[in-house]
Amino acid sequence: MMDCDEVARNLSDALDGEVSTWRRLQIRLHLLLCPPCRTARSALAWTVELLGGLPDEPEAGFGSEEGAADP
Amino acid sequence: MAPAVELTEETIRSVEPVLMGFALRQVRRPDLARDLVQETYVAVLEAKSRFEGRSSLRTWMVGILSRKIVDHYRRTKRELLMDVPPEPDSPTKFAPAPPAAPDRRLDERQAMAVIERSLESLSELERMAVLLVDVEHMERAEACNAMGVKPTHLRVLLHRGRHKLRKALQDAEIGPPEGA
Numbered sequence: 006m007m008d009c010d011e012v013a014r015n016l017s018d019a020l021d022g023e024v025s026t027w028r029r030l031q032i033r034l035h036l037l038l039c040p041p042c043r044t045a046r047s048a049l050a051w052t053v054e055l056l057g058g059l060p061d062e063p064e065a066g067f068g069s070e071e072g073a074a075d076p
Numbered sequence: 233m234a235p236a237v238e239l240t241e242e243t244i245r246s247v248e249p250v251l252m253g254f255a256l257r258q259v260r261r262p263d264l265a266r267d268l269v270q271e272t273y274v275a276v277l278e279a280k281s282r283f284e285g286r287s288s289l290r291t292w293m294v295g296i297l298s299r300k301i302v303d304h305y306r307r308t309k310r311e312l313l314m315d316v317p318p319e320p321d322s323p324t325k326f327a328p329a330p331p332a333a334p335d336r337r338l339d340e341r342q343a344m345a346v347i348e349r350s351l352e353s354l355s356e357l358e359r360m361a362v363l364l365v366d367v368e369h370m371e372r373a374e375a376c377n378a379m380g381v382k383p384t385h386l387r388v389l390l391h392r393g394r395h396k397l398r399k400a401l402q403d404a405e406i407g408p409p410e411g412a
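Protein sequence lines correspond, in order, to chains A and B.
Under this note's numbering, think of the first position of the first sequence as 6, with each following residue one higher.
Under this note's numbering, think of the first position of the second sequence as 233, with each following residue one higher.
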C-alpha cells in the first residue's frame with residue numbers, strides 16, 4: 006500500500022488523471038484511510054480550482070516598470 | 233485544409249487582455265509584457281498558415297507567447313531550470329498538510345489575492361507551467377511544446393508550483409470549503 010510520501014508525490018498527477026488505473030486505486034484507498042492526506046488532496050484540488058478562476062488580467066497596478074530586473 | 237486565421241482588430245482586441253495578463257504574470261513588468269505581446273502578434277501573422285485549429289486561437293497564441301517568454305529568459309538568464317536536470321523530490325519535501333483548523337478562514341477573494349501574490353515566489357518555469365495548465369487549461373502535451381520541456385520535467389514543475397501555492401494558502405490560514 007502507498008505511504009503518505011508517495012501519495013504526496015502523485016497527487017498533482019492524479020488530479021490531472023495522469024496516473025495509471027492501478028495507481029489511482031492505490032491513492033484512493035490510501036485517502037480513505039488517511040485524513041491528513043485527504044486534507045492535502047482537498048487543499049491541492051482547491052488551489053488548482055482557484056488558479057482556473059483567475060481573471061484574464063491581474064489587478065491594475067500589478068508589476069512594475071522597473072520590477073523584477075533581468076540579471 | 234487548415235482554417236484561416238483572421239487577425240482582425242476584433243480578434244486582437246479580444247485576445248489582448250489574455251496575452252497581456254499571461255505575460256504580466258510571467259515577467260512582472262508591463263513594458264516587457266507589452267513588447268512580448270507585440271512579438272507574439274508578429275509571429276502569429278508569420279505563422280497563421282500553420283494554425284491547424286486543433287486548439288483554440290487563444291490557446292495557440294498563448295503557446296506562441298510562451299515560447300517568446302522562454303526565448304527571453306534564455307537570452308537574459310544565466311541559468312534556467314530547464315538546463316538543469318530536475319532534482320528528485322525528497323519524501324518529506326511535500327508532506328501532507330495538517331488537518332484543517334476549525335477556525336480556518338474561507339474567503340475566496342483573499343485566496344485569489346494570495347495566489348496572485350504567491351505566483352511571484354515560483355521559479356519562472358514553475359510559474360509558466362501553472363499558468364499554462366491550470367489557468368489557461370492547456371493540455372500537458374501542448375504545454376510541453378510551448379515551454380520546450382519534456383513531460384517528466386513539466387510534471388515536476390507543475391508538482392512544485394502547485395504545492396508552493398497550496399502552502400502559501402496554508403500559511404495564510406486559508407483553506408478549502410468544508411467537504412471539498
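These are calculated hints, taken from the structure and not from any lab test.
Think of the CB as a built atom: it goes at the ideal place given N, C-alpha and C, for glycine as much as any other residue.
Errors might be hidden in some of the hints.
Unchecked claim - Restraint-style ranges between C-beta atoms, simulated for each label pair: (1) B/Ala345 - A/Cys9: 25 to 33 Å; (2) B/Ser287 - A/Gly22: 17 to 25 Å; (3) A/Leu37 - B/Asp263: 33 to 41 Å; (4) B/Glu242 - A/Pro60: 37 to 45 Å; (5) B/Ser246 - A/Leu30: 24 to 32 Å; (6) B/Ser246 - A/Leu37: 41 to 49 Å.
Claimed, not checked - A few chain A residues that face chain B, going by a derived Cβ cut-off under 8 Å, partial list only: (7) Ser17; (8) Asp18; (9) Gly22; (10) Glu23; (11) Val24; (12) Ser25; (13) Thr26; (14) Leu30; (15) Leu36; (16) Trp51; (17) Val53; (18) Leu59; (19) Asp61; (20) Glu62; (21) Pro63.
We went through each hint and held it up to the structure:
no., hint, in the structure
1, B/Ala345 - A/Cys9: 25 to 33 Å, "holds, 30 Å"
2, B/Ser287 - A/Gly22: 17 to 25 Å, "holds, 19 Å"
3, A/Leu37 - B/Asp263: 33 to 41 Å, "violated, 52 Å"
4, B/Glu242 - A/Pro60: 37 to 45 Å, "violated, 21 Å"
5, B/Ser246 - A/Leu30: 24 to 32 Å, "violated, 43 Å"
6, B/Ser246 - A/Leu37: 41 to 49 Å, "holds, 46 Å"
7, Ser17, "holds, 4 Å"
8, Asp18, "holds, 6 Å"
9, Gly22, "violated, 10 Å"
10, Glu23, "holds, 7 Å"
11, Val24, "violated, 11 Å"
12, Ser25, "violated, 14 Å"
13, Thr26, "violated, 18 Å"
14, Leu30, "violated, 19 Å"
15, Leu36, "violated, 10 Å"
16, Trp51, "holds, 4 Å"
17, Val53, "holds, 5 Å"
18, Leu59, "holds, 5 Å"
19, Asp61, "holds, 5 Å"
20, Glu62, "holds, 4 Å"
21, Pro63, "holds, 6 Å"
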